[in-house]
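Number of protein chains: 2
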Amino acid sequence: MKLQVTQENLSKALGNVARVANTRGTLPILANVVLRTVGTRLTIAATNLDIAITHYIGSKVAEEGSITVPARLMQDFVSSLPSGVIELKLDDYKLHITTDQYNSVINGISADEFPVMPAITDGTSWTLPAKAFKKGLQQVLVAASSDEARPVLTGLYIHTEGGKLYIAATDSYRLAEKEIMATKEEINLLVPANAMQELLRLLGDQDTDIEVTHDDQQVLFKVGEVELVTRLIEGKYPDYRKLVPSEFATTATLKRADFVNITKVSSLFARESAGSVTIHLDPETKQVSIRSIASQLGENTASADAVITNEGDITLNSRYLLDALGTLGGADVDICFNGKLEPCVLRETKASDYTHVIMPLKS
Amino acid sequence: MKLQVTQENLSKALGNVARVANTRGTLPILANVVLRTVGTRLTIAATNLDIAITHYIGSKVAEEGSITVPARLMQDFVSSLPSGVIELKLDDYKLHITTDQYNSVINGISADEFPVMPAITDGTSWTLPAKAFKKGLQQVLVAASSDEARPVLTGLYIHTEGGKLYIAATDSYRLAEKEIMATKEEINLLVPANAMQELLRLLGDQDTDIEVTHDDQQVLFKVGEVELVTRLIEGKYPDYRKLVPSEFATTATLKRADFVNITKVSSLFARESAGSVTIHLDPETKQVSIRSIASQLGENTASADAVITNEGDITLNSRYLLDALGTLGGADVDICFNGKLEPCVLRETKASDYTHVIMPLKS
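Those protein sequence lines, which keep their order, are chains A and B. Numbering-wise (the numbering used here), the first sequence opens with residue 30 and increments by one. Numbering-wise (the numbering used here), the second sequence opens with residue 30 and increments by one.
Please note that the accuracy of each hint is not assured.
Some chain B residues near chain A, calculated using beta-carbon distances under 8 Å [to be verified]:
no.: 1; residue: S95
no.: 2; residue: P99
no.: 3; residue: L326
Since the hints were derived computationally from the structure, they do not count as laboratory data. Note that CB positions come from ideal geometry on N, CA and C, so glycine has one too.
So that you can see chain A by itself, here it is in the shape it has in the complex (with noise of 0.2 Å):
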């Protein structure tokens, strides 16, 4: 192997792909990255046999070859280096890497050893809107579990109901569905939470589609020069619409800056109590109010102004409150629930394509 790229490619694709190799794992290689040619291209690669993610850049290939060198240490290396041409060179195990003023060789082991990269030989392709998808995995990842325990609820359910594909995340405390797009396919994946994480990494500022493509094992999701695949998750993911009330007896608008002061304010105080705190909706007074539960430290009331339908409390995890405004755009939210025991829905006002559900605690 012998080849010429430049180090701001380079930088740029280790930064990509060295963060899912794993140096903590049972199989020593797996803290690797593969550079390998392919034509005039470089790839470089990674996986922790989960997830695997491929960087392809333009090189001056002058002799073809492969080798597999620590991750991290040339990741660390190559960022240092200052931007221009670099030249790698394999001379058996050892990759000389040069440039004007470096001169180093990391030392390598075969990518003969390497475990195969998973592939899709032959699957369904389709496309996503990058930026609608982005956003969309803003909204939704927040909602998923990491508790291995269930493993259905670790993924994220991408699916297709009455010609839109929808994602959805829930772990069984709260839940968080966003419509993406209209499409003829029929589609209904459960691709784990922690990639589609990768992934929004590896999205960028990226504005063009990304090329979807799946079989009954796993996905795979190109975004520019950069393909990412997993494994899907087996199982039957819950039927979590039925949770989503469509009509609401109590709702207030308020805006969501004063929202999410109130609840940071009164979280504070409800340290003690897992972070459960009350809140009001007074019709009279035209105001939510947040009450901590009272405790050792203190307790706390906080208020803001509100649109209310009608009166009524409810009592939620504060944190799940605070990721739920968190996910929100738009300078105004609805707060809407029916019961004190049933599910609290939050919504941009005025927007129907993102729904936050919040199961309320017992108080």
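Could you slot chain B onto chain A? The hints should help.
For chain B alone, coordinates are given in the frame of chain A:
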């Protein structure tokens, strides 16, 4: 106690003071801040028994009084409030905090149970220029030890010699000294370096003088509305000056940015050798090159253009070298030494008020 303060002043004071409040100690009340009216002012104070910080703020005092409340809660709470007037009112040991939108009660503990804050009644007073002292602290504190086994080395040595005030620190592997100002005082103080880290934080963009008062046991630094008192360290500071050579067999002058870059890159390959890198000065090629000791990972040589008086080699800990380069200003730096095992001096080219010495490693 009943008074009004602005959120801005109270939040700033709590930010300065609450850091020294300690939630992990054996005396739970040290996790609290003391609020106490003094005439028309409110004092906010905390101590970890080594360091005490007191901040004075203007307030409209309607009723005098004092209380202690949990520092962390009070700080998080006040910093979350909107700017404007806050009313504090003590009812038994409950501190009521009220604004337009917020109505809170924090449960306090009587200020009588708080340890007596250290005070200096009969000391010597002098002044320090805030900007020069701040710059000096930033340059010198990095060389102080954090190893309590040798208490004197955990101190910042503030002392006069030949009509000048110097500050110095050493952990026996490296040493930094800065000339602060000309003075007629005779000063010889050994102040805990961690107290000086706190002072550095308090200094901010302060441009006025720091008022210093000390006796045999303690020293007080007064910066605007804030006072920091700390104990002095007992013991004789080592005669560090005899370690600093005055003449050098070889000197290289190079761009500081280049020196930082080649050291950073080389340090990546020096992880297995505890950071050890070898610097080679070559007057013929007019280059300073840094070589990482060959290891399992690989090896690296990086070089930069320099003006060099004589050939020479020295092996240093790359972390200490990066720390030293981080404390130097200016575009160009000098590295000077005599033999492979003698102290290595780093200086900003043409600046004589700051000296950084690193002891070499055996290579």
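Evaluated hints:
Checking S95 (chain B) against chain A: minimum C-beta separation of about 18 Å lies over 8 Å; hint violated. Restraint check, P99 (chain B) versus chain A: the minimum CB separation of about 7 Å is within 8 Å; hint holds. Given hint, L326 (chain B) at the interface with chain A, holds; its Cβ is 6 Å from that chain's nearest Cβ, closer than 8 Å.
The structure fails hint 1 only (numbered hints given earlier).
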